[in-house]
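Asks: Dock chain B against chain A, hints included.
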Amino acid sequence: MEASAGGGSILVEPGSLEAMSGRIAGVATGTSAARGGFAKAADAVAGCQEPAAFTYTRLQTLLNGSMEMLDLCSTALSKAVKGAAGAYVTTDVTQMAAGSGPAPGP
Amino acid sequence: MYLNDGGGGGAGPFLATIPIPPGDPGALCAAAGTYSAAHGEIERNRAALAREANGAGEAQWIGVGSSSFSVVSSALVSAYDLTSVALAKGATALRTYSTALATAQETARKANAEVELTNQTATALLAAQAAARSSAQASNEASQQSQTAQAHATAHPHSPAAAQAAHTAQRTATDAENTANDDAAKVTALTSKYDTERAQALKLCALAKQQADTAAKDAATGFDGATLGLLDNKPKLAKGGAEGDKGSPWEVLTQTIEKSHTALGFLAVDGVLWQLGKGAELAEKWMTDLPRLEGQWLHEALPWGQNASDDEWAAAVRGWWAKSDAAEAFGEQFVNDTKFLGMVSKWGRIGGGPIAITGDVLTMINPPQAGTMGNIDRVVAGGNAVLVGADTLGAIGTLASIDAISFSLPPVGVALAVGTGLYLAGAYAYKHWAWFRNDFANPIGHATVDVVKGIGHGTVDVVKGIGHGLSSLGHDLGL
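Going line by line, the protein sequences match chains A and B.
Residue 1 is where the first sequence starts when you use my numbering, and the numbers rise one by one after that.
Residue 1001 is where the second sequence starts when you use my numbering, and the numbers rise one by one after that.
Since the hints were made in silico from the structure, they are not lab data.
All residues carry an ideal CB built from backbone N, CA and C; glycine is no exception.
Distance windows between CB atoms, simulated:
1) 1308(B) / 29(A): 56 to 62 Å
2) 1300(B) / 39(A): 39 to 45 Å
3) 1192(B) / 37(A): 53 to 59 Å
4) 1203(B) / 40(A): 36 to 42 Å
5) 1016(B) / 39(A): 37 to 43 Å
6) 15(A) / 1022(B): 54 to 60 Å
So here's chain A without its partners, still in its complex pose (with noise of 0.2 Å):
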């Protein structure tokens, strides 16, 4: 589909976007498996000498939060594109129905 408006034209295939959702769900999906993994190293270090112990805990929960931001990001850029197709195929539809009514008169 393309469409042209004031602010320049918009080419898209709303099948595409789908399909790029759900392979963006399926990133989103992994990471939160590889952080549910990860959890198990959090007590790596139990009893072990300083400074080891605790920079190693601060990197854990770095880690566990950025990889939870990740998943949390992804997630949302899979509804992102999923919407997207949405809305577009929503326009497409708008559009054609407009374009089926009467002709604008003189």
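Replies: Quick look at chain B alone, frame taken from chain A:
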């Protein structure tokens, strides 16, 4: 004559064993595997996302939405890249630490085995020394008896009995001397053996300690290297052709999400992205406002001007405790549920937010240094957290001082206002600080003094989990 190894517990010629360096190399190795697995998964996800970031054109998607997607996905790819690298570095550091710690522990075991061997030799040496002393004394006595018998034989040259006695005494003295010499030789040999074993044991003890210290320091360097890489704020091109040209990818991601909010708005998903940051902010505001709100609740709950009995006052305070507990529990859960969501909007501003509170909480729980310096770390971390509790402190200060007069109390006398202020402070402390409850039966003046003393500690507990106004983790790491 003999020294201990300094490890404590040794006495006389005996050495004390040393503690095995703490930690589980197996657990560290397993964690390295976990890190590697996570690295592999994150790397696969990064590559997959990079393909999508680069493939938008192939999907025949051109326009404002495509541009927004490109910006967001590129930033995400960069963030995935940093996380992937940090996981790989973490795995390497864990693996290295596991090996080094196992080596240190093995050395310590060898050292302790050498200590045991040395102590066995010391036992034998002590016995040999005692035997040598005894045989030397016997030899001296036999020698004296031989000299006496010889003198008697000389004085009686025609006495066969005297001559025989002198001969026998001489032979006994010679035998005793030989025995003493043999025992002395044993002492010499055992002393040499002991010195050698002791030196080896002490050497291994020192080596084990050095290996353990080095392993821990090297591991810390490796872990911090991974952490600093994760927080990298240097311009860097991401793999897969993704863009990463505006400083830290986390910052880029944050800015991207904020800037793309409008662009993505028409996709009806802006609320999701925006909420990532807003949820944490709302949670923080809730917890920040809570202490002042609690004060207001207490004021509203107390039966002012109603000639209430002591029981009615106590019931009002108990009701306030329950309400405040519920509010704090909700607020803490609110913060917990949203604190990492807040990274989306705050990661680029490392100076504030959940990361900072995490760093300080970690410092309080587990300071990097032991002993006095560890306590100083705790105080510093606690001091940072106390900053967060400024509102709480201010509220207590207002309630507990003459300012209570201006607290819009119902028509009560100044004396009662001041007394009430003290009561309010006491009630607040009673609710929040268990130690204070032990003193609650004491005169109110004493209790109030305790409140003032305890404020510095109490606010740390009151405000735990709140994330602003703290020193940054970046600063903590020396960034």
